Each structure stands twice: as C-alpha cells, then as structure tokens.
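**Student:** Here is what each chain is made of, one letter per residue.
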Amino acid sequence: MQEYLKMEREQAWRIELRNQIKNKERTALPRVKMPEMDPQERICYQDREVNLGLDVENARREASRCMDCVNPTCIEGCPVSINIPKFVKNIERGEFLEAAKTLKETSALPAVCGRVCPQEKQCEASCFYTLKLKKDPVAIGYLERFAADYERESGQISVPEVAPKNGMKVAAIGSGPASLAFAGDMIKLGYEVTVFEALHEIGGVLKYGIPEFRLPNHIVDVELDNLKKMGVRFERNFIVGRTATFEDLKEEGYCAFFVASGAGLPRFMNIPGENYNGILSSNEYLTRVNLMNAANDEFDTPVLKGKNVAVVGGGNTAMDSVRTAKRLGAARAMIIYRRSREEMPARVEEVHHAEEEGIEFINLANPVEYFADEKGRVNRMRIQRMELGEPDASGRRRPVVVEGSETDIDVDVVVVAIGVSPNPLIPSALPELKVSRWGTIEVDPESMQSSIPELFAGGDIVRGGATVILAMGDGRRAAAGMHRYLTESK
Amino acid sequence: MNQIIKTEQFSENVVKLVVHAPRIARARKPGHFIILRIDEKGERIPLTIAGADEKAGTITLVAQKVGVSSQRLCELQPGDEILDMVGPLGRATEIHNVGTVLACGGGVGVAPLLPIVEGFKKAGNRVISILAARSKDLIILEDEIRKWSDEVIIMTDDGSYGRKGLVTAGAEEVILREKVDECVAIGPAVMMKFTALLTKKYDIPTQASLNAIMVDGTGMCGACRVTVGGETKFTCVDGPEFDAHQIDFDELLLRLGGYKQDEVDAFERYLSTQK
Ligand SMILES: Cc1cc2nc3c(=O)[nH]c(=O)nc-3n(C[C@H](O)[C@H](O)[C@H](O)COP(=O)(O)OP(=O)(O)OC[C@H]3O[C@@H](n4cnc5c(N)ncnc54)[C@H](O)[C@@H]3O)c2cc1C
Ligand SMILES: Cc1cc2nc3c(=O)[nH]c(=O)nc-3n(C[C@H](O)[C@H](O)[C@H](O)COP(=O)(O)OP(=O)(O)OC[C@H]3O[C@@H](n4cnc5c(N)ncnc54)[C@H](O)[C@@H]3O)c2cc1C
Ligand code: SF4
Ligand code: SF4
Ligand code: FES
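As they're listed, the protein sequences go chains G and A.
The first sequence runs 1 to 490 under our numbering.
The second sequence runs 1 to 275 under our numbering.
A portion of the hints provided could be inaccurate.
Mimicking DSSO-like on lysine-lysine, the simulated pairs with C-alpha atoms at most 27 Å apart in a straight line are [claimed, not checked]:
1) A/LYS193 / G/LYS305
2) A/LYS41 / G/LYS228
3) G/LYS434 / A/LYS41
4) A/LYS193 / G/LYS375
5) G/LYS250 / A/LYS55
6) G/LYS375 / A/LYS233
7) A/LYS201 / A/LYS164
8) G/LYS305 / A/LYS233
Reference excerpt, derived from the structure (chain G facing chain A, CB under 10 Å, subset only) [stated by the list, open to error]:
9) SER81
10) LEU199
11) HIS200
12) ILE239
13) THR245
14) PRO266
15) THR287
16) LEU291
17) ALA372
By construction, these hints were calculated from the structure, which means they are not laboratory data.
For clarity, every value in this text was computed on a predicted model and none was experimentally measured.
Even for Gly, the Cβ is constructed at its ideal location relative to N, Cα and C.
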C-alpha cells in the first residue's frame, strides 16, 4: 500500500505539478465555497439539490490547494482509503476522467459518497490543513463529487471489464450501498450475481431514506444502470426468508450469500401518547415522501402535512425529516435534540443548510409526553430540559434531566428520528446464525464471514447504523472474502 | 409478472382476484398477506391471501373498494398486470387441534377468515362459522366457508338474510349452547372489539387479525404499530393476528382514521377525473 502510494507519487506528471506552484502559495488560497440554491427558493422544492456543484475553474483551483503530501494523512481518514492526492492532482491538471477512474479503484459510488460522506469527520478531518495548519481542509468531498459528476455528464462512463463467467451463482440480500459494492466486485470476478430487494425500488436507504435535495435519484440510477450493464440481476419485491427461504435459493443453485439487509427497524421512546395519530417514525415519513412520492397529488399515497412539525433527534435522519417538513409547507419546523449542537451526529453541512432554511433548533430538550385532540390527533408535546453531564462511553457528554423544567409546545406532526435497530428478518429466518446482543450479525472483520460459512454480511446489519462509505467498504471486503472462500473450497 | 387470471364480482364493492404469483403461492400459509402496488402511482396496499393453488401458481385475493387504490384494483380485468406484489408477509396463524373453534367474519373479513377456517377444520376441529354483514348482498364466500365448517350462521344488520342482528348475538348463542375452546375474529375493528369483549366475558381465548395502516410491511416504518398488552407491536411482522383480549382496540380505531381526510380528498380527486 505505502509502496504503491509512493510509486504513484513519483510519476513525472505529479512531480512536475508539485514544482509548478510553491506550497506557500497553495496554502494561501482560501477554500472554495460550494454554490448553493437560495434557501428561500429551495424550500419550495422537495427534489431540487441544494448543492449545485463546482465548475471546472473552481474545482481546479481548489485541487491546487492540495500539497500532494509525502505522508497523505487524508487517506487514513477515509474508511476505504481512496488515493486522495492522486485523484485531486488529476483534477488540478485537468484530467477529470482520470480522476474519476482513480476514485473507482476503491469506491463503487463516488458520486454518492462525495455528497453524503461526513467528510468533516473522515478524510477532511485528517487533511494536513486541518491537522497541522489549522486551516480549512482541502474540499475533498466537493472534488470527489466534481470528478464523478464530470464523468457521468460527459457520457463517457467506463463500464468495467468483466471476467469470463465462472459458473457460480451468488446472492446479495438488500440493495443498499453494501450490496451494490459487493455486486460490482463479484460480477467483475465472473460470478453470476442476483440482488434481492424487499421493496419495489432498488437502492436501499439511498432511495427511500436520503431525500432528493441531498442525493438526487438519477445519480443513484446511473450507478444501478452500470451494474445492470455489467450483468448484475435485480429482483425487486423479493424478501429472502419469506418469498423464498435460503434452502430454496440453494436448491436454485446459489452457493453463497451476502446479507446487507440494513438497520431498518425504527426505535420509539415508549413515552405516553406516542401512538397518537400524527406521530410517526422518520422511516415512515421519509418513505412516504421519497419512495411513494406522497408529496405529489398525482400519487395515491398521502403524507401528513403539519403546520407545527417537531422532529426528535439530531442525526442525518432527523435533519432530512425536518427539512422535508419545511418543504411540505410547515410554518414551524423544529428539531428537538437532547444534547447540544456540538454533539449532533448529523453532517455539519446539513445542520448548516437546515439553519439557513429556517429550521428551529430546540437543543438540550427531550419529549416526555404527547397530548391529542378528541380524534386522537397529536396537538401538544411536553418537553423536558436537559443539561450536559459527564462524558459517556461514546465520549459524548451525557444529557441529564433538569428537574421541574417541563414546557409544552403546540405540534400537529411529530417525527421520531432517534435511531434504528438491525432488521430482524434474516436473523429470525436463520436460528443458527450468530447475532450479538443488539441483533447485529457477527462476522469476521476481515472476510465478513458469519458463523454460517457460506453466509457473509456487511453494512448496517453488522454495524447497526453507520454510513454509506462504511457499508460500501464492507461490501467490497465481503466480495474478496467470499471469492477466497469459494475458490478454496472448490 | 403478477398477471390477473380471473376476477369475480362478489358484491357491488367486493371483488375476487386470482393472480399469478407462483413463489408466493408456494410459500404462503393461512394468515399470511401480501402488499401490492397496482402501478407507479398506486399506494402499497395490504391484502390477505384468501387462498392459493400451488400447481397453477396462483393466489386468491378478495378486495373491497374503500379508497382510490382499492377502487382501481377492483377495476382490473383478466390479463391486466399488477406492477408490484410482495409476500407472503406476517406470521402464519397458529393452527392446532383444540376442540371447538368459533370463527367470526365480518364483511370482507370473511376472505382472510377462509384459509383459517380451512386450516382448523383440516387439523381436526369442530368449526362453527358466523358470517356477518350489513345486508344480504354483502355476504361473501358463503359456499367456500360452508365447505370447511360444521355449521354456518349468517347474521345481517337488516335481517335481509339469515338472522337479524350483529355478529356478537350469534356468537353468544353458540357460546351459551356449547363449549367453545377458541375463537377467531376478523372484520372491521369495531366488530372485533365487541367480539373480544364478549369472549373475554366467557374466558375464551381469541385471536383477532388487525388491518392496521401499512407502508412497507417489513417492519421498517412503524405505521402499523398497535398496543397489545401494554406493549407497542408492529402488525406487519409481529401480527397480523394477536390475542384479542390484549389489543387496545380504541387506539387502533383512532389510528385507522389517521389519514382519513387525505384519503377522502384523494378519492374525490380520483372520482372527478373519472367523469
Ligand atoms: C434518512 C437517512 C439519512 C442518512 N444520511 C446519511 C449520510 O448523509 N451519510 C452517510 O454516510 N450515511 C447516511 N445514512 C446512513 C446510510 O444510509 C446507511 O448506513 C447505509 O445505507 C447502510 O447501507 P446497507 O447497504 O447496510 O443497507 P440499507 O441501505 O439499509 O439497505 C438495506 C436494504 O435491504 C432490504 N432488505 C432488508 N431485508 C431484506 C430481505 N430479507 N430480503 C430482501 N431485501 C431486504 C431493505 O428493504 C433495504 O432496502 C443515512 C440513513 C438514513 C436512514
Ligand atoms: C394485514 C391486512 C390484511 C388485509 N386484508 C384485506 C383483504 O383481504 N381484503 C380487503 O378488502 N382489505 C384488506 N385489508 C384492508 C386494505 O388493505 C385497505 O382497505 C386498503 O389498504 C385501502 O386502500 P385504499 O388506498 O383503497 O384506501 P385509502 O384511500 O387508503 O383509505 C380509504 C379509507 O379506508 C381507511 N383505511 C385505510 N387503510 C385501511 C386499512 N388498512 N384498514 C381499514 N381501513 C383503512 C382510511 O382511513 C380511509 O377512510 C387488509 C389490511 C391489512 C393490514
Ligand atoms: S469516500 Fe468519503 S471519506 Fe473517502 S475520500 Fe471520499 S468523501 Fe472522503
Ligand atoms: S492531507 Fe490534505 S493536502 Fe495533504 S495530500 Fe491529503 S488532501 Fe492533499
Ligand atoms: S408496515 Fe411498516 S412497519 Fe409495519
């Protein structure tokens, strides 16, 4: 790995590029600003992307800030170790398709990750600028998005070469990022790959969860088309364990399985009044809008449009829900979060965008009870104030109740976005499968193999709620692990 | 995919559909349901699998028009295709030999009751079925139910067929007459609520199959949550059948009305486009 990075760095064009501009000049440049749609305008559309993307000039300029470090610490911050300086320097010299190719050496979905990775905690947190210069990091995420978008829009997406068929059939269960990455790698190795998805759309959370104002569907669709062109088969409306059992699939010739069924089970707080109408999980809320197109009158599925919408939680799911509520016309769209802004697990950029859109943040507060009108529709919630105490196991300061601090807020829709648990469908269909206390599937961290040898797993069903890039990394590792297992056991 | 093989009009608002779905036909058990989406614009609607023919690879659905999506479903003809259909979903009914089973079906609830009645009969029970509806033309599947029942009692609200009265009147009569070991109730939530109150009085274990509002049907959204024995359960994965004496029916009734105004609006929009 180190050797490969060094070799790449010593290529003539990289040396030349480094010598063109002095590091002092590079570090003097300010970080590029992402052009955005105006907040007042964008809240009128559910499906218009907020970030508009960098143009060629700005992308090259931002790329020139990167110093092509001898020791590129940024790579250590990326969960799949993308060769960051190599792709960034390709942008600097104007070889955008090369940059996209570099990304694809490691990442199956760069256009997605460039948009949704929490860069400020990953690659950009480990950039030399952040670590040593205390300056704004190179905008690695924006550049990643730029290169991937450039390739897509150029119409010159390269469909990777596929090895001759080896006659073995494998199945991926779920169609989120983990499975897509897995399928891409396995089809290249010559396997016959089928992806089974319970819902009527392919893409997992990328489709039913993350809204289009952050990740437009057509971007995911291009990646799906690519996989189809390579020969991956997709079976929608198919629940493995119900529509067919693992035994059935084995009889049909599948010799190994990759389970990436996600963390789909919504959590509730179990407080009085939580089952009143108008109180729903973020999964329900986002699914109605993103998967069922409920905001559009031409579609049959309804969604509750509230005047005063409260969203409980501080993660990406909470931000997506509250901004969706704003777009559906809420006069007051509020975040109720039990810790402070600093502890919010959501991407920093999303919190910032939410603020611009007029979202109210009621931090250090937690709901304790709901009240409803005579028809059972929620009309009021009681919250309790919190203060921060000692740090807990996760290193975040634990919220403690302030006694006697209850206040009431008028609400007509409440979205509960306090997290999800692993989807129990697969574990319950396989009693002999080893799962943890939390219901996640236990795997070997290198090969992603579970306690059932022909069954591998990755993504949220193993991690219990993580990120797109981690899920993708798991998919790739599982592909390698499964390939090794199938070759050795032959 | 999911081609409609046959349709039959049971009453003005109730249609039987036989649909080609070989995988589901093979995997389903009594109590299971499917979720379908007619086309791009359709809602995902849950329907019980009323029967299946494994050889022909078909399943039978019985659908009642209540809103836009179910109305459009009832208008489909043989040869038409349903865009999406997933299943079998839910937990299968626990069918065992207990002795005498009282099966109560209200309205279109008779459709999901049918495979359960069949199952209990095949397991060696004495099965007494009560079919209830507002009036004669709303009584469905009578012959099919008769085939698997030792006795069938028909109740109509207006007395136009069978006996006049509610399902509970018929049920109480049977309970007073002979020993009933278990009861199953499927129908409108109000009907199940009062059946449950009755059997509770006589201490008869009772299962009710709930028709909560659903979206995905896989445990992902929580739209279908109900309170059973003081705990929140998801109808699609923990049910749809629960111990009727533990169900909070009043909450269920409120929740079923949750999207009422939106649905009514949508229905009116739909009807206005049909003229
Ligand atoms: C609203 C929201 C916003 C998010 N925002 C971000 C973000 O900005 N950045 C980020 O990095 N991460 C984000 N995440 C997290 C990220 O999306 C997940 O970590 C990631 O999608 C997990 O991928 P996965 O492949 O494990 O499964 P998922 O994407 O969860 O997909 C699992 C799929 O499996 C299907 N399935 C389940 N059981 C079966 C079965 N038995 N048979 C067939 N199919 C089955 C499900 O229907 C589902 O489609 C967000 C999540 C949510 C919900
Ligand atoms: C497990 C299960 C099995 C079912 N089996 C059958 C069946 O075999 N045959 C059948 O005809 N129906 C069955 N139902 C009910 C059926 O799913 C609904 O009637 C259907 O979803 C309504 O869709 P719609 O879009 O036409 O009506 P909508 O426009 O959604 O609703 C119209 C009206 O019906 C109410 N409503 C909405 N959903 C439901 C619901 N799930 N139950 C009761 N009222 C509702 C609304 O509040 C509104 O007033 C079942 C439901 C469940 C959960
Ligand atoms: S994949 Fe994510 S963490 Fe890795 S370089 Fe790209 S944006 Fe950064
Ligand atoms: S650490 Fe920052 S400056 Fe150095 S190579 Fe990585 S992105 Fe460029
Ligand atoms: S229908 Fe979504 S959880 Fe049951």
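**Student:** For every hint, state whether the structure bears it out.
**Tutor:** Checked hints:
1. A/LYS193 / G/LYS305: This hinted pair is violated, its Cα atoms lying about 31 Å apart.
2. A/LYS41 / G/LYS228: This hinted pair holds, its Cα atoms lying about 25 Å apart.
3. G/LYS434 / A/LYS41: Judged against 27 Å, a Cα distance of about 41 Å means the pair is violated.
4. A/LYS193 / G/LYS375: Answer holds: A/LYS193 to G/LYS375 is near 18 Å, not above 27 Å.
5. G/LYS250 / A/LYS55: Given pair G/LYS250, A/LYS55 holds - Cα atoms ~22 Å apart, limit 27 Å.
6. G/LYS375 / A/LYS233: Holds. G/LYS375 to A/LYS233 sits at ~22 Å (cutoff 27 Å).
7. A/LYS201 / A/LYS164: holds (23 Å)
8. G/LYS305 / A/LYS233: Given that 27 Å is the threshold and the Cα spacing comes to 25 Å, the pair holds.
9. SER81: violated (32 Å)
10. LEU199: Holds, about 7 Å.
11. HIS200: holds (4 Å)
12. ILE239: holds (6 Å)
13. THR245: Since the shortest Cβ distance to chain A is 8 Å, the answer is holds.
14. PRO266: holds (5 Å)
15. THR287: Holds: closest Cβ of chain A sits about 6 Å from G/THR287, inside 10 Å.
16. LEU291: Nearest chain A Cβ about 8 Å off; hint holds.
17. ALA372: For G/ALA372, the interface hint holds, since the closest Cβ of chain A sits about 8 Å away, which is under 10 Å.
Hints 1, 3, 9 from the list above are not met by this structure, while the remaining hints are.
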